[in-house]
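Chains A and Z, in that order, are what the protein sequence lines are.
Note that my numbering has the first sequence beginning at 23, numbered continuously upward.
Note that my numbering has the second sequence beginning at 23, numbered continuously upward.
Note that these hints are calculated values from the structure, not bench results.
Please note that a few of the clues may not be correct.
Any copy, or any two copies together, can satisfy a pair, since identical chains are not distinguished.
[Claimed, not checked] Calculated cross-link-like contacts (lysine-lysine; reagent style BS3-like; alpha-carbon spacing at most 30 Å):
| no. | residue 1 | residue 2 |
| --- | --- | --- |
| 1 | Lys109 | Lys225 |
| 2 | Lys109 | Lys185 |
| 3 | Lys185 | Lys84 |
| 4 | Lys205 | Lys109 |
| 5 | Lys185 | Lys213 |
| 6 | Lys116 | Lys225 |
| 7 | Lys31 | Lys213 |
| 8 | Lys31 | Lys185 |
| 9 | Lys185 | Lys124 |
| 10 | Lys116 | Lys51 |
| 11 | Lys136 | Lys51 |
| 12 | Lys31 | Lys117 |
| 13 | Lys205 | Lys51 |
| 14 | Lys116 | Lys31 |
| 15 | Lys116 | Lys213 |
| 16 | Lys124 | Lys31 |
| 17 | Lys51 | Lys213 |
| 18 | Lys109 | Lys136 |
2 protein chains.
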Amino acid sequence: MEFQEMLGKRRAINFFDPNRDVDEATLRKAFEEGANAPSSFNLQPWKVIVLRDPVRKAALRKLASNQPKVTEAPVVLMILADRDGWKEGNETWKKRFETGFKPDQREWFAATTKTLYGGSPEASQAFATKNAGLFAMSFMYAASDLGLQTHPMDGFDHEGVRKEFNIPDNYWIPMLIAVGYAKPGLEILPKAWRQSYDDMVIKTY
Amino acid sequence: MEFQEMLGKRRAINFFDPNRDVDEATLRKAFEEGANAPSSFNLQPWKVIVLRDPVRKAALRKLASNQPKVTEAPVVLMILADRDGWKEGNETWKKRFETGFKPDQREWFAATTKTLYGGSPEASQAFATKNAGLFAMSFMYAASDLGLQTHPMDGFDHEGVRKEFNIPDNYWIPMLIAVGYAKPGLEILPKAWRQSYDDMVIKTY
């Protein structure tokens, strides 16, 4: 659909139709379109866990303020932001290097990514989570364009989820995304307040 | 344009036409469309500094590996991610609260946002930067749809930029975005490697 029409269709809906599944092909397409997002040196430091199992979704719901959408949506994604995604040994790092650079650039690439993203814990956290944010937004727009509804959530017990799902320490979990279709008859409220240009721009040079 | 066509048009181009300006109305529209992005409790913890002045862009370029696009692009945005955006006293927090909640929900809202996003420096850093990532992606797609070219950059001396532009400590600077039009005759290379669904999904339940 038209980009501007899609902008209006992308809404964080609260109630999903538990009887309407998301087929695998559509989900894959939303991921692969979403992957068009840019990222720091194209390092793509994000991974995803896909939950369709009612038992695992119920365990997640308990750690997410018991929000019904966690079990009602047919698919819930757990987005993982890789704080080690800039490290030379990292698998995605290697793939990105091999597909974009010459072997003799390896030392330079390793030093540059380490300096920029490995200089402090806050730099690594920012690297991982901003890039996961770029991907998540791109995914949600792609999903909306394919007729799906999404709802990003970060109101959950972060360390509880880490423990319950054995998430290694290199990953931060910036958000969950419920994916599915709206519950029949759901009333969509007008979009909430957004900052205007003048609200956002605090200085112009 | 069609969303899928826009996906192909959004490329991080390296060479901008220094002789073609971005008019204010188009830039505002890209911001206000980009602001359709979702965010944590709709707190929108991002602000922007807009640079058009050649002298300020030159100062920024020195801190950004001397990349020509910092001065060649007519507009460079400095995205600021507000690590205090969850605090009750924060201006955007207040506006968001007032436009979406009843006065007697204030205590609950303050406690919830503090617990989720103010529990540790890493939680605040993630809150600020993932949301800035959502906005930045949405802005870049909106800009592409309006015919603009963009290039996100985070290869810069973060603390040097903070000092040069007097950026308060509550802000992290997740990226700069060059905005403009492609240099005439610029050859656009094929899109670099992206993770497939199977690369991204590390576990399915």
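Results for each hint:
1. Lys109 to Lys225: between (35 Å within a copy, 22 Å between copies)
2. Lys109 to Lys185: Classified as both; 24 Å inside a copy, 28 Å across copies.
3. Lys185 to Lys84: Answer is within; shortest intra-copy Cα gap is 13 Å, inter-copy 44 Å.
4. Lys205 to Lys109: neither (43 Å within a copy, 34 Å between copies)
5. Lys185 to Lys213: Neither: 35 Å inside a chain and 37 Å across chains, both beyond 30 Å.
6. Lys116 to Lys225: Intra 39 Å, inter 21 Å, cutoff 30 Å: inter-copy only.
7. Lys31 to Lys213: Both: 10 Å inside a chain and 28 Å across chains, each within 30 Å.
8. Lys31 to Lys185: neither (35 Å within a copy, 41 Å between copies)
9. Lys185 to Lys124: Neither way: lysine 185 and lysine 124 sit 40 Å apart in one copy and 35 Å across, limit 30 Å.
10. Lys116 to Lys51: within (25 Å within a copy, 39 Å between copies)
11. Lys136 to Lys51: neither (32 Å within a copy, 37 Å between copies)
12. Lys31 to Lys117: Classified as between: cross-chain Cα gap 24 Å, same-chain 35 Å, threshold 30 Å.
13. Lys205 to Lys51: within (23 Å within a copy, 32 Å between copies)
14. Lys116 to Lys31: Close across copies (27 Å), not inside one copy (37 Å); limit 30 Å.
15. Lys116 to Lys213: Cα proximity of lysine 116 and lysine 213: across copies only (18 Å, versus 42 Å in one copy).
16. Lys124 to Lys31: Between copies only: 27 Å across, 43 Å inside.
17. Lys51 to Lys213: both (27 Å within a copy, 17 Å between copies)
18. Lys109 to Lys136: Answer is within; shortest intra-copy Cα gap is 7 Å, inter-copy 32 Å.
In this structure, the hints that do not hold are numbers 4, 5, 8, 9 and 11, in rising order.
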